[in-house]
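Here the protein sequences come in this chain order: A and B.
Counted from 1, the first sequence has number 560 at position 560 by full-length UniProt numbering; the numbering is strictly sequential.
Counted from 1, the second sequence has number 2 at position 2 by full-length UniProt numbering; the numbering is strictly sequential.
Think of the hints as simulated: they come from the structure by calculation, not from any bench.
Hints are not guaranteed to be accurate.
Calculated pairs, PhoX-like style, for lysine-lysine (alpha carbon to alpha carbon, straight line, at most 25 Å) [as the list claims (entries may be wrong)]: (1) A:K380 - B:K9; (2) B:K11 - A:K377; (3) A:K1081 - A:K977; (4) A:K284 - B:K11; (5) B:K9 - A:K240; (6) A:K741 - A:K717; (7) A:K706 - A:K733; (8) B:K9 - A:K281; (9) B:K30 - A:K142; (10) B:K11 - A:K281; (11) A:K284 - A:K305; (12) A:K185 - B:K9; (13) B:K43 - A:K142; (14) A:K142 - B:K79; (15) B:K11 - A:K380; (16) B:K11 - A:K185; (17) B:K43 - B:K11.
Cβ-Cβ distance ranges computed for the label pairs, FRET-style [to be verified]: (18) B:K9 - A:N720: 29 to 35 Å; (19) A:N722 - B:K9: 43 to 49 Å; (20) B:Q12 - A:Q385: 19 to 25 Å.
The C-beta atom is built at its ideal place from N, Cα and C for all residues, glycine as well.
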Amino acid sequence: MDEEYPMSDPIQAENEEEGPEETQPERKTGKSRGSIYDALDDEEDDEGEDDDDDEEDEEDGRHGRKRAKHRHKRAAVNRFLDVEAEVDTEEEEEEEEEEVGGDEFIADAGIEGDEDDANRRAAVNARLDRRERELNDQDLAKIAQNLHERYGRAAVRYTGDMNEVPQRLLMPSVHDASLWQVRVKPGRERDIVFSLMRKAIDLEYTAQPLSVLSAFQRDSLAGMIYVEARSAQQVNQACKGLVGVYPSRGITLVPIEEMASLLQIKKQDLTVTPGTWVRIKRGKYQGDLSQVMDITENGEDVGLKFIPRIDLNPRDDASVDGRKRKKATSGVSTMRPPQRFFNYEEVVKVYGRKQVSKRNQVYVFQNDTYKDGFIEKDFKLSALQLDDVNPTLDEITRFTRGQDGAEHENAVDLSIIAEASRKAAITVLQPGDHVEVFEGEQAGVHGVVDSINQDVVTITAVGVDIDGQKVDVPARSVRKRFKAGDHVKVMTGQNADETGLVVCVSDNVVTFLSDMSMQEVSVFSKDLREAAEVGSGTNIVGNYELHDLVQLDLQTVGVIFKTERDTFRVLDQNGQVRHVQPHQISMRRDSNRAIATDSEGHELRVNDNVREVDGECRKGRVLHYYQSFFAFLHNRDISEHGGVFVTRARSLASLAPKGNLIKPGTDLGKMNPHAAGGAPMGGMVGSAMGRGPRDRDIGALVAIVKGPQKGYLGVIKDTNGNLARVELHTGNKVITIDKEKLYRKLPDGSLIPLSQPYNPKWGQGGFRTPGAPARTPNPFAQANGGRTPGWTSGRTPNPYASGDGKTPAWNASSRTPNPFAAEGTKTPAWNAASRTPNPYQESGKTPAWNASSRTPNPYQDGGKTPAWGASRTPNSYASDNDRSGWGGGWGGGPSETTWGNSSPERPAETSDWTAQTPAAIPTPYSAPTPYTSAATPRTMGSGGAGERSAPTPGVSAGDEDDSTPAWLLDPLFQGKKLLMEITGTLGSWHGGELDGAKGFVSNAFRTLSDALITIEHIDPGRVGTSVEVPIMYLTPIPPDQVGDHAVLLEGLGSASRATEVILRQLVTSRVWEVSKPSDPKTFTCLEDKMVKLYIS
Amino acid sequence: MAAIPSQAKSKQLRACLLCSIIQHPMDFRKNGCPNCEEIMQMKGSPDRITVCTTTYYDGIIAVIDPESSWVARWQRTSKYVRGMYAVRVKGRVPEDVEAELESRGIKYRPRDQTDQD
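Here chain B stands alone, though its shape is the one from the complex:
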C-alpha cells in the first residue's frame, strides 16, 4: 500500500519513472518508491528523487485491486502495491538504473507509451 497523496491538485506530486506510482515527494523521501525502491534508491535522497520521478505525467489511476484489475495489468502495475499511478509518464529512468535493469535482464519499458508492442 502506497501513501495516497492528500492533495490531488498539488503540482508537486511526482510519478516514478519506472513504476509510474504517484506520490508526494515527501513520501518518496520518507519511504522511497514502494515498488522499485530497491533499484531506484530514492529514500532520503532528494537529488535521486528529482531524477527518478517527474511531475510531467498525464492521467491518474487509482489502483484499488491491482491483482484483478485489467487496467493495472495493462499498465503492468498489477504486481505493484495499491496506490495512485500515472497513465503516462514522460521521461526515462537515469542511465545507471537502465544499466542495472539491463544487467538483470529486465526489459526497460519507458512509461511514455513510445514503444507499444
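If we strip away everything but chain A, and leave its shape as in the complex, we get:
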C-alpha cells in the first residue's frame, strides 16, 4: 500500500519538521492573519530571522497563498510521477515544498467552502487531532526508518563507526590521492575553498565534472590552499577561472609524509583556564590585565575579573538621569578614567544611590557586576589577547592587593607568571652567572654556571659538601641568585637599564633600590644581571625631557612621565598611557605662559600647587595646561604614571592663597601703572606677575628660504614653538611654517637666520654703531640721542680742519711737543709710550689710525700691532696728513680724528683720563685700566671734545688683529676681490653674529663719517649673500698657500702697490717667495703685507 504514504507522509514530514514547535499552531490561529498555513508560517518565521534571506522569500510571504495553490497543482500532478528516483538537493527541496503543498491541500479542503473563523479553527483542530493520533499510531523509530528509506539522509542514525579506528591507521597511503599546494591571494583562502566546493557542485553533472576530492585551508598557512586530487592537471582544471588563485605560481605536491601534519597543525595553544592572565583588546579597558574566572562550555565567552575604570567625574548633568548619561558617556569617552577598585561609597556619592544595587555580595552598577572591588564581566574570546600577556609585577601586585590594600588570602599565584617566563629564563643564563637550583634533586644547591648546552646547565657547585663539583641540571630548574647588597642591572622589561642595590630577595623576585629614582623596584631575577655600572640617570631622550608637554598628533598632547632607553611613556590628555618614540612626537609644546581658570574662576598658572575639588581630591603641582582645559599635574606621592596625572583645570583649586583677589577698598588707581605716573611698581600683583614679553620675532620681516614658498617675504604674526605664522606680502595669505625656514630680512636687505639674536634698534644703525653698547654704556647715548657722535660727521670736528698741518701725534711723540698735551695738563699717552718701550715703535709700524681707534693698544705689546701699520699707511692717510688721532687717544685731544673718516671710533679723551694717563706710569702695562674702564671716562667727557669722541669699544681694543684697512678705499684696490674677515664685532656690530665670516670685497664706498665695504660671503651657508660692513671690522686675510693669488699692500721693488702676485714658495714662516702672474721673477714678501684674492 504504497499509495497510502503520500497521504500520510506529508504529515509525518511535518511532524518531523515541526516537532519542536508543536505548540505553535494554537498560538498562530489566534493571530489575526488570514492564513493558517503552518508551513507558510514556518517559512515566514524563518524569513523573519534570516537576515540573509532575500527578496524572493519575502515575495513568498506576500504571494504565499497564490504560490501555494500553484504548488498544490503541481504536487497533485507529481504524485503520479516517480520523482524520487533521483536524489538531488533541488529535487529534495521541491519535494519538501510539495509536502507542504500537500498539507495545504488538506487544509484547503477545510477552508475552501467556508471562510468563517470558527471553521478554520475547527479545521486546525481536526488536523491536530489527526496528527496526534498518527503520532501515537506509529512509533517514532518506524517513522525514522521510513524516512531513511525514502530520503536517505533526513535522520541517519549516528553510528560514529569511524571513531574506533586509531588515527595512525588513517595515515595516507600511496593509493590515496595526493595533496597539492596551491598559491592563492592571502586573505582569500576561505573564499576559494568555498568557491571550489560550489564549483564542484555546479559541474557535477556536466560533461567535465571536477575530479578533485577535497580542498582545505588552514588559518595558520596564509596564502595557500591544499587540494586533494590525483594529478596536478586536475587541480589546475579546478582552479581555472577562480579569482585569487595563482596556479601559475606553482602547484606543488605535498610529500606524503607531510600530508597528515598539515591537518594536525595546531594554533599556538590558546586554551584559557581559570586563573589565566589575559589582556582586553578593545574598548575602555584596552590593554588592561584581567584574570579569567570561568569559561563557557563552548569556550567562546570568558568571564573576566579586572580592575574597573569608573569615571568618578562624570559630566555634571550626567548623574541626574539615565537618558542624559547615555549621551554623556558617549562624549566622555575621550577621557579614560584611571583604574580604581570599585568603592561603593564613592560611586554612590557621584552617581547616586539608585544607580548601584546590591545583590548578595556583588554590586551592580551600570549593568556591570562588581565584586570585591573588581569588575566581573564576560568577554568574547576573540576580544582578548591571550598570548604575550606578560603581566608586570606591578599589575599583579595591584591585583593581589585588592581593594583595601590588604593582601587577599586568595593571593594571585606568582608562579603563573613565573612559569610563563621560565622558558625565557633559559635564554638569559650566561656562563658565570650565580644560580641556584630551586627544584628537583639538587634543589638548594647553588653555584656558578659553567656551561650551557641547550636545556642543560652545568654548574660548579659552591658551598655544601659537593663544593667544586660540576653538576648538570635542567635549565628550567635554576634561577639566578642574588643576595642583598648586590649591584644589579635590569636587562629587559619596562625597568630595563635601571640599576640598583639589591635589598631583598624572595624566591624569584628581587627587590632593589634604584640608583636613579631611589625607589624600590621589584623584578624577576631572570631579568637581572650583576653589573657594576650605574645606570645613566638621564631623563632626556632626544630633544625631549621628562615632564615635557609634547604634541603627539593633531588632537593629542601628553606629558612624558617616564623615559626609557629610547622611548617615552606619555600620559595624554585623555588619561591614556602611550608608548612613544621620539620620532612620533611632532613637537614640544610650551605651556609656560598658559593660563587656565580654576573651579572658582581664578587664574591658574604652571607650577601652581593645586588640588582637585572633586573626584579623588588629588593634589599636585601643575606641570602644564593644555587648551586651558586639561591640566597635567605631578605629585610624587602618586605612584601611578610617575606621579603625573591629568585632570580638568575646572576641577582644580589653588592650594596657595591667591594674591590677586581684589580686596574691597583697594585703590585701583594705584594699581594702574599709567596712573601712577610711571613710578616703578613694586611688581605686579598676584600671579599676573612674570608674564613674559611676547616673542621678539613677532612682527619681524622675514624671507622664506626653504620649501615651496621659498623666496617669499612676509611678516611673522604669531609664533608657537618652532612654528611661525607668517603673513605673506603676496597673496594676502597667512601660512604656518617652520621657523627654521625663515630668515630675518634686515633693512639693508641682508638675511640672517631668525635664531640669531638681533636687536632691531641696532639694526637700523647697525653697521654704523659698532659700538660698544653691549659692554660699555654709550656715554653719548643721552647727550646725543643715542647716536655716537664720533661718526656723525656733523658733530665731529673735521679732522682735516683741525688736524691739518698738525704734526702727527706720533711724530710728536718723539720730537715735537704734542699739541694736545698742551691742551690738557696731561701727558699724551704716547709720550708715556715713548718712555716705555713703545710697542709701535718697536714693531716699526705704528699705524696712527690704528692706535687711535683702539686706545688701549698701546698697552699691548707690539707684536699685536698690525703689520701694515704706519710704515704702510695707506694713502688715504697720507693725504689726510694727520695722525693726531693717536695723540688724541692718549692725550685726549679733541682733534684726534685723523683717520677719522675711515674709522668711526674716536679716541677718547678727557681729563679723567689724563689722571690715569700712562704718562704718569712708566709701564704701559700697568697703566690705566682695562678697556671697559677706558671707555668709561669718556662718558663724562668734559667738553665738547669729549662728547665728540666716540667710545672705544673695549672689545676691539683687545682684538689683536683688529685694525682698519683703510686702504680698501684706495682706488688701486677697487675691483679686486680681496678676501677679508669680519672681526672684532663681538658684542658690538650685529652682536657679533657675523664675526669670523669671510668674504671678498665687492664694493667700497665712503660716507661722510664712515666707510662701508660690501662683502660677498664665501662661507658655506652664506654664499650668495652680501653684507655691508663698516671698514673697521674688516681684517685682511693673508694668503697662506702656494698658488694663492694675493695683492701687495705696499710697493716692493719693481712691484708696485696693489700688484697681484702668486705665492710660489714659502721661505720662512710668514715670508713667501712671490711673483707676478705674468713674470717668473720672484721676490720675497711678508705674508702680512699681502691680502689674499678670492678666486672663484
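Keeping the supplied structure of chain A fixed, place chain B upon it in accordance with the hints.
Frame of chain A; chain B shown alone:
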C-alpha cells in the same frame, strides 16, 4: 549534501562539535546537522545549536568526494555528507550527547585534536 554557506567570510558560520560540518546557524536551525542530527537534535532549536556548534574552529575543508578522499578519511568524515568541514573544532559536545554516545558504545573523539592516537 549539506547546505553550503553562501558567505565564506561570515563570522556566524558554526561548526558542529561532533561531525565538524560548517553551516550557517540558519541551516542548522532549518535542517539540523546533516550528519548527526539524530543525536544532536538541533533542528529548530537555537539553544541547542549554540551548545552543539561553535564558531571557534580552524581550517576549512571542502569535502567534495567524501568516500574516496583521504582528507575526509583522516578527518573521519568520509561517511558523512558532502559539504564544508572544519579541520579543528574547539570544544566538546554537551554532556548528554556524550552520555548518549557512551550508551551506544561509540567512542567520542573531540575534534580539537587533543587525543591523537
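Practice prompt. Check each numbered hint from earlier against the structure, then list the numbers of those it violates in ascending order.
Written response: 18
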